[in-house]
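Asks: Required output: the full structure, derived from the provided sequences and hints.
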Amino acid sequence: MSQPSGPLPLVDQFAYGLDAPICLTWELTYACNLSCVHCLSSSGRRDPRELSAAECRAVIDELERMQVFYVNIGGGEPTVRPDFWGLVDYATAHHVGVKFSTNGVKITPGAARRLAASDYVDVQISLDGATAEVNDVVRGSGSYGTALRAMENLADAGFRGFKISVVVTRHNVCQLDDFAAIADRFGAQLRLTRLRPSGRGADVWDQLHPTAAQQRQLYDWLVARGEQVLTGDSFFHLAAYGQALPGLNLCGAGRVVCLIDPVGDVYACPFAIHDSFLAGNVRDPGGFTRVWRESELFARLRRPQAGGACQSCSAYDSCRGGCMAAKFFTGLPLDGPDPECVKSHGERALAAAARAPAPRPSGDHSHRSRPVPVSIGIRPPDRACDESPLAGYGSRQGGTLRTAQRSRSS
Amino acid sequence: MSTEAAPARDGAAGARAGTGFDLDGRWQLHPQVSVRPERFGALLYHFGTRRLSFLKSPALLTVVASLGDAPSAREACRSAGVTEAELPAYAAALQTLAGSQMIRPAVSS
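Protein chains in written order, with the numbering used here: chain A, 1 to 410; chain B, 1 to 109.
Keep in mind the hints are simulated off the structure, nothing from the lab. Bear in mind that the values here come from a model prediction, so they are computed numbers and not experimental data. Ideal Cβ positions, reconstructed from N, Cα and C, are used throughout, including at glycine. Hints are supplied without guarantee of correctness; some may be wrong.
What the simulated footprint calls covered on chain A by chain B, stretch by stretch (three residues with Cβ under 8 Å from a Cβ of chain B suffice, anywhere in the stretch; the number is not a length) [said to hold, decoys possible]:
| no. | stretch |
| --- | --- |
| 1 | 9-20 |
| 2 | 66-79 |
| 3 | 116-127 |
Replies: Structure representation (structure tokens):
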């Protein structure tokens, strides 16, 4: 490192927290036209307490004052909010860059042209299989076609370098080269992220998370691709194999990132929607700024963390114990190994601990019946509802995974 | 976590102590770069490349912030109190920033 160095290594500076997040995830709505089996936020139905457009603009004003560079907007499906495009424009006009995740449902040729014209908006299309067969089992029937159509529209509009965002599962890890080929075809960039046992993901994690051998294969593939493939820093637990992947390689929860959910609740990270990681609400006095700077939870996360059972491991300096949310939702202690620890400590912990029932996500906005492909209205509903006159009718969509998950949760 | 934009890796490009960086040229911050001062120096974000970078000392921030008004990068360093002995390290840091398009040769207006 040839830059003049400060008193503390950067990674420690970040671990002890910043006065403002570098970026944050903002789920704009729990409404979604899909019912992906691994949805981190258990989305489906809109919440009646959803932040209004005016409240969203007030949050953006705060983010501008705090100099938050950009927000990762998600949901739910954020584009079904009728005020979505207006909020994107408001954010970029106020120097808050926007990257939003979508299943592509609203990325029409017109929307794509509009997006291609902005320097400050980036788009992430979610795709969890390089073929419809693999994708639609997880994301729902027809979702592959929707995503590919959105990509085509973006490419046709001249939007270069949009992201194709893939959650790596046991069933798509063999398709990494195929995903890369799809990205090349559309002039897009591939982004791979980790399957977390969060939200509905808790129900399918056992079946879907990559095997140990697949993790190794993924790591080697990522190392070979270097910075061509983005990971959102989500595989830092794989750094224990040796070389770190590009990125900060630390858990930034409550330190340099956080989550604002559709009702304004602020959580330590997007994978930790649970009361244990709830820091406050943007509607509280002092707003988001005060939650970020003064919440007791974030203060605790910013104190030096004990390595616990991992302290004596030779890899601890690389992986730092892995992902807090992954441990929490698999019922493992937060100061122990990650469930996907590459040294197999996690597997042993999961097996040995006769797994006490793991904590359940705090909120569940899952559709009670079939997903609703609709636009939602300007006024939030009075109660969580499916917002479709046809709710409850028609055949259920999806494959065996959803059926399995449904029967367990109902 | 997800800081999403992969941070520019600041070791490799400037590893050979500033070789190749034109200290006598005029430089400027890229117009699409936003700078946020921090205790340790500053965070830089480039809205065009969507990359994050770091300035690891307040002195380097002073240099970078004054590039646009200085007749040369060397002069910006001197005004910020950078000594001759420290200059190669600063040149290396600037080289890295140029490599990730955070700074660029000044466009005369």
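Asks: Hints first: check each against the structure and report whether it holds.
Replies: Cross-check of the supplied hints:
As drawn, the stretch 9-20 of chain A meets chain B at 5 residues by the rule of a beta-carbon pair under 8 Å; at three or more, the given contact holds. With a threshold of 8 Å between beta carbons, the proposed coverage of the stretch 66-79 of chain A by chain B holds, since 4 of its residues qualify and at least three are required. Three residues within the 8 Å Cβ limit are the bar, and the stretch 116-127 of chain A against chain B gives 3, so the coverage statement holds.
Violation of the numbered hints given earlier is absent; every hint is satisfied by the structure.
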